[in-house]
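Undergrad: Each chain, letter by letter, is given below.
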Amino acid sequence: NAGVMQNPRHLVRRRGQEARLRCSPMKGHSHVYWYRQLPEEGLKFMVYLQKENIIDESGMPKERFSAEFPKEGPSILRIQQVVRGDSAAYFCASSSRGQGMTGTYEQYFGPGTRLTVT
Amino acid sequence: GEDVEQSLFLSVREGDSSVINCTYTDSSSTYLYWYKQEPGAGLQLLTYIFSNMDMKQDQRLTVLLNKKDKHLSLRIADTQTGDSAIYFCAESGSSASKIIFGSGTRLSIRP
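These protein sequences, in sequence, are chains A and B.
At position 4 of the first sequence (counting the first as 1) the number is 4 in the numbering used here, and the numbers step up by one without a gap.
At position 84 of the second sequence (counting the first as 1) the number is 84 in the numbering used here, and the numbers step up by one without a gap.
Hints should not be assumed to be uniformly reliable.
Quick list of in silico lysine-lysine cross-link-like pairs, PhoX-like style, CA-CA up to 25 Å [unchecked claim]:
1) A/Lys27 to B/Lys36
2) A/Lys44 to B/Lys67
3) A/Lys27 to B/Lys67
4) B/Lys56 to B/Lys70
5) A/Lys27 to B/Lys70
6) A/Lys44 to A/Lys62
Counterexamples of contact, computed for chain A against chain B with all Cβ distances above 10 Å [as the list claims (entries may be wrong)]:
7) Val4
8) Val12
9) Arg13
10) Arg14
11) Arg22
12) His29
13) Gly42
14) Leu43
15) Lys44
16) Glu52
17) Lys71
18) Gln80
19) Arg84
20) Ser87
21) Gly112
22) Thr118
Note that these hints are calculated values from the structure, not bench results.
The structure presented is a predicted model; accordingly, all values stated were derived computationally and were not measured.
Glycine residues also receive a C-beta, built at the ideal position from the N, C-alpha and C atoms.
With the rest of the complex left out, here is chain A (with noise of 0.2 Å):
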């Protein structure tokens, strides 16, 4: 049963690119969560997004970052027109679990994207 992915692994892009980031959630999962994660920092939340549905967005900058989980495919995290300070790694992590449900709760991570702007 493989785990939480993430592409690419490591990913260089330029001032003014854009940049996407997949996840593709563990089999069985349909919640999938985003997390920054600045050097030497700890994670933040971002977004939480369900199929199809944006549940929690409230630690998404409000300009040129979106998310997805379409029906079919992976999540997507978009950076547009990147900037020096999006240079970090980006965790994608997924659950069996959502809001409201009851149960026990694991959020399992994947071994990120680390995004570097020059």
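For this one, chain A is given, so just place chain B on it according to the hints.
TA: Just chain B, lined up with the frame of chain A:
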């Protein structure tokens, strides 16, 4: 707002116990977690505890929760070189949809 704080560094001798401490501010926290991150890797969930528990033990790991003081600790018994990593304390509410992380404690092991 929600905040989780932990010390940045801890150094212990191999074979000793490591105790990593954490404080949090959100009194409505329901789940409290400890994650481990090795260099260049993602996060591995080590253990978690519900807010209505005081203690949880899992092999070499012991988690203690003082809900009154909003203090969480992770004790690793018989610390080994493979335990070198960054340990993140984290919390979430009852919906468990958003996890709030501390900045991480870097644990180093001395021979």
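Undergrad: Next, verify each hint and record whether it holds.
TA: Each hint tested on the structure:
no. : hint               : result
1   : A/Lys27 to B/Lys36 : holds, 23 Å
2   : A/Lys44 to B/Lys67 : holds, 23 Å
3   : A/Lys27 to B/Lys67 : violated, 35 Å
4   : B/Lys56 to B/Lys70 : holds, 16 Å
5   : A/Lys27 to B/Lys70 : violated, 35 Å
6   : A/Lys44 to A/Lys62 : holds, 15 Å
7   : Val4               : violated, 8 Å
8   : Val12              : holds, 16 Å
9   : Arg13              : holds, 20 Å
10  : Arg14              : holds, 24 Å
11  : Arg22              : holds, 15 Å
12  : His29              : holds, 14 Å
13  : Gly42              : violated, 4 Å
14  : Leu43              : violated, 5 Å
15  : Lys44              : violated, 7 Å
16  : Glu52              : holds, 17 Å
17  : Lys71              : holds, 20 Å
18  : Gln80              : holds, 24 Å
19  : Arg84              : holds, 21 Å
20  : Ser87              : holds, 16 Å
21  : Gly112             : violated, 5 Å
22  : Thr118             : holds, 20 Å
Consistency note: the structure conflicts with the earlier hints numbered 3, 5, 7, 13, 14, 15, 21.
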